[in-house]
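Asker: Keeping their order, the protein sequence lines are chains R and E. Okay, so the first sequence: first residue is 1 according to the numbering used here, each after it adds one. Okay, so the second sequence: first residue is 143 according to the numbering used here, each after it adds one.
Mixed in with the good hints there might be a few duds.
Capping the alpha-carbon separation at 25 Å, the derived lysine to any residue pairs in SDA-like fashion look like this [stated by the list, open to error]:
1. E:K525 x R:S116
2. E:K525 x R:P80
3. R:K60 x E:L532
4. E:K180 x E:Q161
5. E:K525 x R:N130
Using C-beta positions, here's what the derived DEER-type ranges look like [to be verified]:
6. E:K525 x R:N130: 24 to 34 Å
7. R:C21 x E:Y214: 57 to 67 Å
8. R:A84 x E:E485: 46 to 56 Å
For the record, the hints were derived by calculation from the structure and aren't laboratory data. Built from N, CA and C at the ideal position, the CB exists for glycine as well.
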Amino acid sequence: MKITQISLFLENRSGRIREVCHVLGGADINILSLTVAETKDFGILRLVVDKPDAAVEVLKEHHFAAHKSDVVVVGVKHAPGGLAHVLDVLATAQINIEYMHALLNKTDDFAYMIFSFDNAEEAVKTLVKNKVPVITWENIKK
Amino acid sequence: MYYNPVAETADKETLSKTQSEHLKNLVAYVYKNNAVFKNRLDEKNIRPADITSIADITKLPFTTKEDMRDFYPYQLFCVPQAALAEIHVSSGTTGNPTLSGYTKKDLDIWGEAMARSLRASGARKGDMIQIAYGYGLFTGGLGAHYGALALGLTILPMSSGNTKRQIKLMQDLKPRVLACTPSYALYLAEEAAAAGLKPKDISWQIGVFGAEPWSDAMRSEIEQKLGIKAYDVFGLSEIIGPGVAMECECQNGLHVWSDLFYPEIINPKTGEHMKDGLDGELVITALTKEAIPLLRYRTRDIASMTTEKCPCGRTAPRISKLKGRTDDMVVIRGINIFPSQVEHALLQIDGAAPHYQLIVDRHGALDSLELEVEVEEQFFKDKIGELLALEDTIKHALASALNISARVRLLEPGAIQRSEGKAKRVIDRRKL
Chain R
1 MKITQISLFL
11 ENRSGRIREV
21 CHVLGGADIN
31 ILSLTVAETK
41 DFGILRLVVD
51 KPDAAVEVLK
61 EHHFAAHKSD
71 VVVVGVKHAP
81 GGLAHVLDVL
91 ATAQINIEYM
101 HALLNKTDDF
111 AYMIFSFDNA
121 EEAVKTLVKN
131 KVPVITWENI
141 KK
Chain E
143 MYYNPVAETA
153 DKETLSKTQS
163 EHLKNLVAYV
173 YKNNAVFKNR
183 LDEKNIRPAD
193 ITSIADITKL
203 PFTTKEDMRD
213 FYPYQLFCVP
223 QAALAEIHVS
233 SGTTGNPTLS
243 GYTKKDLDIW
253 GEAMARSLRA
263 SGARKGDMIQ
273 IAYGYGLFTG
283 GLGAHYGALA
293 LGLTILPMSS
303 GNTKRQIKLM
313 QDLKPRVLAC
323 TPSYALYLAE
333 EAAAAGLKPK
343 DISWQIGVFG
353 AEPWSDAMRS
363 EIEQKLGIKA
373 YDVFGLSEII
383 GPGVAMECEC
393 QNGLHVWSDL
403 FYPEIINPKT
413 GEHMKDGLDG
423 ELVITALTKE
433 AIPLLRYRTR
443 DIASMTTEKC
453 PCGRTAPRIS
463 KLKGRTDDMV
473 VIRGINIFPS
483 QVEHALLQID
493 GAAPHYQLIV
503 DRHGALDSLE
513 LEVEVEEQFF
523 KDKIGELLAL
533 EDTIKHALAS
543 ALNISARVRL
553 LEPGAIQRSE
563 GKAKRVIDRR
573 KL
């Protein structure tokens, strides 16, 4: 149920994300989601790609500090209150969220949200128990 | 307790008198017996009679590593080759190697210095010492040997290598003292463990380790794995070899046998003396040697010194563990900063020195210091908060190591230019 995310340390100067995209594109790797967390001097670029191992390799070859981590992709009902419900479920079980961001809409009914949890095992258990869809890698890759 | 109680516990006045006598004789001696030193003194208009006390040492010119190379092999010697009892050669990484030569009297001085050092570690007449420093051109083995002879230890001259044999003989003959490099000590520990030995099965109780820099973490590791008390010995072949300075049982600095090897801590840029406790370049004068006594030899090692009383009773001044090399020093807001101090501080954070650069600049009247550090594999964290905390940790490590506040900037791997030879650690943008 855990999905591989790649994080990259980037200095806050122009052209960095562009270069990452060129490197991945050149290696025939498709980006499925992207988000940036920034400070004044640097940022962390987080990506979900279709070929994570290949991506880490080609990024390292280009001297990027690439890191793999696990995230959970959750299906959030694509309607008002959809996200609030998921967050209620997690809060009740006292699951801590590190960060989250949205993936492309895959279907009309559900938006996909990427979550990074302190304790992913517990989070997945809680979500499944509460019938919140946890999306598998197969469904994301398509 | 002491090998030479009179010399080791001499009061300040007596010590100063001894040093002054020696220095007067030394300057007269080199002036008479060596053309290079004579010329240097003449150039500065210094006559041997101008040296009346140890304080006059500041009038004398320095000797450098370049001199050792330029005047290779014999031009700095005060005696002909036939008068030499022994020669040692240390590897030169660039150009000529360094030659150290000894008359019979010099070998006695070496024995004296090393005997004091061994006794300071707690080794006693009648103990057996396993000397696993290399015997040969390297000064380690023979230096320990002469000291052990003078002190009356039973010598097991293993030299380095043959590790299985070292362990077997240790088990059979049960030597109390081990003398070798700290890294070899760890190697021996591995071998002992592989042979199924526990620390209690290891007969060594005292270790006299040196010839390379080693951290407190390494000391703890050695002591734990071998069940031994590990002492730091310092020396350099240009002065004599091991035995120039040694830790006593207090292990709070290394006593320099200043009646034989006079230490000074100088500002490497100005040549002025640094106050007690402040870092600077270690300079040593071999006061009593015959073959190749050097005047104010600049070691290029950074250390601090204290003349404060030591509980062990020895009045020889103490130097700190060496803190790095003097290359690349910069002065920022009046403080001497050595890049190796930065490296040392960074090493404490994760155990692997990252690529870094110090950028010195001036905005208005104040100097600024920025440390750029590449974020390598082991440093990268996937959380902004943790990366900011890393910046903070580095900032604090720097502040406590250098006494100066620096901005820290994290860079991508490979951002800092690599160089073929030594890395350019300091970029000084000030137009001074």
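Asker: Run every hint past the structure and note whether it holds.
Answerer: Here's how the hints hold up against the structure:
1. E:K525 x R:S116: Since the Cα atoms of K525 of chain E and S116 of chain R sit roughly 10 Å apart, the hinted pair holds (cutoff 25 Å).
2. E:K525 x R:P80: Distance of about 30 Å is beyond 25 Å: violated.
3. R:K60 x E:L532: Holds, at roughly 22 Å.
4. E:K180 x E:Q161: The hint holds at about 21 Å.
5. E:K525 x R:N130: Roughly 28 Å between the alpha carbons, so the hint for K525 of chain E and N130 of chain R is violated.
6. E:K525 x R:N130: 24 to 34 Å: For K525 of chain E and N130 of chain R the Cβ distance comes to about 27 Å; the hint holds.
7. R:C21 x E:Y214: 57 to 67 Å: This hint holds: roughly 59 Å between Cβ atoms.
8. R:A84 x E:E485: 46 to 56 Å: holds (52 Å)
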